[in-house]
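As you go down the protein sequences, you meet chains A and B in turn. Be aware that the first sequence starts at 1, since it is given in the numbering used here, and climbs by one per residue. Be aware that the second sequence starts at 1001, since it is given in the numbering used here, and climbs by one per residue.
Derived by calculation from the structure, the hints in this document are not laboratory data. Virtual Cβ for every residue (Gly too), placed ideally from N, Cα, C. A portion of the hints provided could be inaccurate.
As the list claims (entries may be wrong) - Simulated pairs of lysine to aspartate or glutamate, EDC-like, Cα-Cα distance not exceeding 16 Å: (1) A:Lys309 to A:Glu203; (2) A:Lys80 to B:Asp1199; (3) B:Lys1185 to A:Glu98; (4) A:Lys16 to A:Glu203; (5) A:Lys86 to B:Asp1284; (6) A:Lys174 to A:Glu203; (7) B:Lys1026 to B:Asp1199; (8) A:Lys34 to A:Glu203; (9) A:Lys74 to A:Glu145.
Claimed, not checked - Computed footprint of chain B on chain A; a stretch qualifies when at least three of its residues, placed anywhere within it, have a C-beta under 8 Å from a C-beta of chain B: (10) 64 to 75; (11) 206 to 215; (12) 233 to 245.
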Amino acid sequence: MEKTILEVEDLVTTFKTAGGEVSAVRGISFSLKKGETLCIVGESGCGKSITALSIMGLLAANAKSRGNVHFNGKNLLELKQDEMRKIRGNDISMIFQEPMTALNPTFTIGFQLCEPLLIHRNLSKKAARQKGIDLLKQVGIPMPEKRMKQYPHELSGGMRQRVMIAIALACSPKLLIADEPTTALDVTIQAQILDLLNDLKEEFETSVIMITHDMGVVAEVADRVIVMYAGEVIEEGSVEELFNDPQHPYTRGLLASVPNVDDPEFKLNPIPGTLPNLNEEIRGCRFHPRCPFAMEKCVQASPVQTNRKQNHSVRCWLQEAEADEYSKCQPSSAV
Amino acid sequence: MPAETATKELILPAKKKEWEIGRIFKRLIKNKAAVIGLIIIILQIVLAVFAPAFAAHNPVKQDLSLAELPPGTDGHWLGTDNYGRDMWSRLVYGARISLFVGIGAVALGLAGGITLGLLSGYYRKLDGIIMRFVDLLFAFPGILLAMLIIAILGTSLLNVVIAISIWSIPTCARIVRGSVLSVKKQEYILAMKSLGASDTRILIKHILPNCMAPIIVFATMRMATAILSTASLSFLGLGAQPPTPEWGAMISAGQDFMWTSPHMIVIPGIAIMCVVFAFNVVGDALRDALDPGMNLEN
Chain A
1 MEKTILEVED LVTTFKTAGG EVSAVRGISF SLKKGETLCI VGESGCGKSI
51 TALSIMGLLA ANAKSRGNVH FNGKNLLELK QDEMRKIRGN DISMIFQEPM
101 TALNPTFTIG FQLCEPLLIH RNLSKKAARQ KGIDLLKQVG IPMPEKRMKQ
151 YPHELSGGMR QRVMIAIALA CSPKLLIADE PTTALDVTIQ AQILDLLNDL
201 KEEFETSVIM ITHDMGVVAE VADRVIVMYA GEVIEEGSVE ELFNDPQHPY
251 TRGLLASVPN VDDPEFKLNP IPGTLPNLNE EIRGCRFHPR CPFAMEKCVQ
301 ASPVQTNRKQ NHSVRCWLQE AEADEYSKCQ PSSAV
Chain B
1001 MPAETATKEL ILPAKKKEWE IGRIFKRLIK NKAAVIGLII IILQIVLAVF
1051 APAFAAHNPV KQDLSLAELP PGTDGHWLGT DNYGRDMWSR LVYGARISLF
1101 VGIGAVALGL AGGITLGLLS GYYRKLDGII MRFVDLLFAF PGILLAMLII
1151 AILGTSLLNV VIAISIWSIP TCARIVRGSV LSVKKQEYIL AMKSLGASDT
1201 RILIKHILPN CMAPIIVFAT MRMATAILST ASLSFLGLGA QPPTPEWGAM
1251 ISAGQDFMWT SPHMIVIPGI AIMCVVFAFN VVGDALRDAL DPGMNLEN
């Protein structure tokens, strides 16, 4: 199919804190093809956003990333600051969760929309303004000339997120990282924004990494899905595979935690417990304290990645156990 | 997607907001004291700019035959000093000097303070060094620091400006640093970084405008301090030298005649008091007007 534009290999991100070094991302690998939408799913604090910021090179000063992030033949983690700056906003750009705080309240929409064009394209102010108006039209904002002169607080949440998308797409990036772009929005506006992102993705021929904890969003936009838990990728597969045949107990748990409106008999089935603390030492599989299927082996060693099919891989000892003796580890209460 | 909501969102009318500065001004003039202060400041600026038109006499021309005339004398409505110089003309030209010193010292102090504050707030590595330097400046009592600087540079009005501006730097640097520390953690700064903006661009174009409110208040209040300090330094003989019609110097010259011609010290004294009062109340009112949390009228 299309060529790979982003290849993340064994990315490890650690933070130096007063309590010692903690790892937020523990050796994750994935790749992204041109025009593809990849969803990274997981609970809050599982390392999704840190992964995104690691790719962008925008981590806080006390953080460090190891591994390889190949983008367009370059290893982003080895680039110098000013080389990286040329890539940010130009080849890779990002949309943030909260459109209210991601826009500078002291400047007009127009000013902020023109910034990437002035930084990367060396356009004149007039040309940048014209391009800005075109962009606002593309993201479906009526009366763009007027909006250019308004301040962020004068726009509704959905409008602001549209502006954020326009800013992110200003330089036609090859990769767009959207960090929970719909979480702060109303459900109806969410649908609009997702539709818009899908349309614009085709129009700008952009690949998208969508970070979310909302399985509904995943079903709507994803081509491929990565499920993260406590800094590790535990399951990866195409969206159909993952929804129809989830393998990891955590993935199944996530899907069981989504309310089903069509089925009146449906009962929510939350995953017990909470995400472990970053500096908590857990031997073996990091999910085993919460896993209803946990076996002795899960405590002893970290599970290896098993490829079930060509586009579906899981990190769980159950995969091995299933091969020999699946029935033994069936718990009394099914998930 | 429900079409109804879509249209609802799209036709959301843009609320008409008044121009930001206009709104701040409206809130400012709700404060009565601030209005009086503003009038005094405007009066001083007008007097200073058009001093030759307002002054009836040459402010430094001596005429001993007219010495120590009391206020209300024909032709010299505020009287004359011990050398027969017209008090009103000296006062008007003095307004020019105090305005010059105030603006000069505050501008220089802001330039230094903002630079140091931006750097130390943004770059953690520079923070320690710059803030220790600022602490060092803080360690001196203000007027003593100014006197020390003048002792090194020599007495002149320009050196007073420099001395007072250096004295303003540490406070300004602290204020700016504090604002930068809070602004730089905002998501829109991260968003700017994700667009590839350089540090310089982020600092000057995006962080500085967000720190403007406390800087404006500081500058206004500092004008009062600068004017008062110039008068103090001139009174001590370290600032403007005779025959320059500086208000502090006028008081200093008049103290020998305090009992015979009290107007020689009372008139420049009132002028200093009014101007310092004006800048202080306007600064206070500006702080309230610029603070969105103080928007109590609605």
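Do the hints match the structure? See the list:
A hinted pair counts as satisfied when its Cα atoms are at most 16 Å apart, and lysine 309 of chain A with glutamate 203 of chain A does not qualify at roughly 32 Å. Among the hinted pairs, lysine 80 of chain A with aspartate 1199 of chain B is consistent with the structure: their alpha-carbon atoms are about 14 Å apart, no more than 16 Å. Simply put, lysine 1185 of chain B and glutamate 98 of chain A have alpha-carbon atoms about 14 Å apart, close enough for the 16 Å limit, and the pair holds. Restraint check: the Cα-Cα separation between lysine 16 of chain A and glutamate 203 of chain A comes to about 42 Å, which exceeds 16 Å; the hinted pair is violated.
As the CA atoms of lysine 86 of chain A and aspartate 1284 of chain B are separated by approximately 44 Å, the hinted pair breaks the 16 Å bound. Distance restraint check for lysine 174 of chain A and glutamate 203 of chain A: the Cα-Cα separation of roughly 12 Å lies within the 16 Å cut-off, and the hinted pair is therefore satisfied. With a CA separation close to 36 Å, the supplied pair lysine 1026 of chain B and aspartate 1199 of chain B exceeds the 16 Å bound. About 13 Å separates the Cα atoms of lysine 34 of chain A and glutamate 203 of chain A, which keeps this hinted pair within 16 Å; it holds.
Using a Cα cut-off of 16 Å, the hinted pair lysine 74 of chain A and glutamate 145 of chain A is violated, with the two alpha carbons roughly 39 Å apart. Closer than 8 Å: that is the beta-carbon criterion, and the segment 64 to 75 of chain A has 0 residues meeting it against chain B, so the requirement of 3 is violated. Three residues within the 8 Å Cβ limit are the bar, and the segment 206 to 215 of chain A against chain B gives 0, so the coverage statement is violated. Coverage of a stretch by a chain is defined here by at least three residues with a beta carbon nearer than 8 Å to that chain's beta carbons; for the segment 233 to 245 of chain A and chain B the count is 0, and the condition is violated.
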